[in-house]
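**Student:** One letter stands for each residue in the lines below.
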Amino acid sequence: MSSRLRHADVEVGTELPERTFPVRRLDLVRYAGASGDFNPIHWNERFAKSVGLPDVIAHGMFTMAEAARVLTDWTGDPGCVVDYSVRFSAPVVVPDDDEGAEITVGGKVKAKNDDGTVAVLLTARSGGAKVLVQAKALVRLA
Amino acid sequence: MAINPDYLGREYPAPEVYEVTRGKIREFAEAVNDPNPVYVDRAAAKAAGHPDVIAPPTFPVILGMAGSAQAIADPALGVDFSRVVHGDQSFHYTRPLHAGDVLSAVTRITGIKSLGGNELLTLETVATADDGEHVVTTSMMLVVRGE
Chain S
280 MSSRLRHADV EVGTELPERT FPVRRLDLVR YAGASGDFNP IHWNERFAKS
330 VGLPDVIAHG MFTMAEAARV LTDWTGDPGC VVDYSVRFSA PVVVPDDDEG
380 AEITVGGKVK AKNDDGTVAV LLTARSGGAK VLVQAKALVR LA
Chain D
18 MAINPDYLGR EYPAPEVYEV TRGKIREFAE AVNDPNPVYV DRAAAKAAGH
68 PDVIAPPTFP VILGMAGSAQ AIADPALGVD FSRVVHGDQS FHYTRPLHAG
118 DVLSAVTRIT GIKSLGGNEL LTLETVATAD DGEHVVTTSM MLVVRGE
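As they're listed, the protein sequences go chains S and D. As numbered in the numbering used here, residues 280 to 421 make up the first sequence, in order. As numbered in the numbering used here, residues 18 to 164 make up the second sequence, in order.
Since the hints were made in silico from the structure, they are not lab data. For every residue, glycine included, the Cβ atom is placed at its ideal position computed from N, Cα and C.
Some chain S residues well away from chain D (every beta-carbon gap over 12 angstroms; in silico):
| hint | residue |
| --- | --- |
| 1 | Glu297 |
| 2 | Asp334 |
| 3 | Pro374 |
| 4 | Val388 |
| 5 | Lys389 |
| 6 | Lys391 |
| 7 | Ala408 |
If the Cβ cut is set under 10 angstroms, some of the chain S residues that face chain D in the computed set are:
| hint | residue |
| --- | --- |
| 8 | Arg309 |
| 9 | Ala311 |
| 10 | Gly312 |
| 11 | Arg348 |
| 12 | Thr351 |
| 13 | Val360 |
Lysine-lysine pairs mimicking DSS-like chemistry, simulated, CA-CA at most 27 angstroms apart:
| hint | chain 1 | residue 1 | chain 2 | residue 2 |
| --- | --- | --- | --- | --- |
| 14 | S | Lys415 | D | Lys130 |
| 15 | S | Lys415 | S | Lys387 |
| 16 | S | Lys409 | D | Lys130 |
| 17 | S | Lys328 | S | Lys409 |
| 18 | S | Lys409 | S | Lys391 |
| 19 | S | Lys389 | S | Lys415 |
Input sequences plus hints: build the corresponding full structure.
**Tutor:** Take a look at the structure:
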């Protein structure tokens, strides 16, 4: 496998292009089906509120997948991801309207290693809150 | 309700192998709105050096979810699923998953602890190819929110 992005073209501090991704109720229904995560907090407002949540919230893994797009579109080949980990720090609240919510993702190169890998720290925000923290990836570049 | 600490280290082998198919990869990529051609176009995947279309980085959560569901289904573990939210998630890859992979998965409970009125359950799933090669290890921490 080979990334389009080359190890030699990256420096510590290089920023990944920031992107904003929409999240609507339909996205959550589709993600539930594709992933097998049918927890009702992700599609049933009545249930979500009954367990103390403000509204339906996105699957954390949907947010993690959107954040990965910033990484894999930057490298060119998703196959170069060696490690990827996140902590979910706040829910992405998805209202029942046509706009839904937005997740804004950015990233920065934190380390460049001699073995051809690069460490990236990602950030993700929604509705003014940091929804991911310690979002870290290690990618192997050509 | 407390999580039973005796379950630390318990293993849950998947009851059957998981076959990675082009159709499931396409469905997952479409569900995360990711148009990268290596997920759906064999020629693009081969040009990038892969034997077939590959799966998005978070795809193996399907195996992790299945393993955690096996664990949580045991009432003696003591997890109230209605109070579960996702705390953290990690993937460590030897190589990407590709269509045609036949994976065996084993999920193990690697952490049980209490923190600030919540209970934290960590489950690690190791997926291995049919030739015995390690493919990916994924770990999820679930937060069972206190009443």
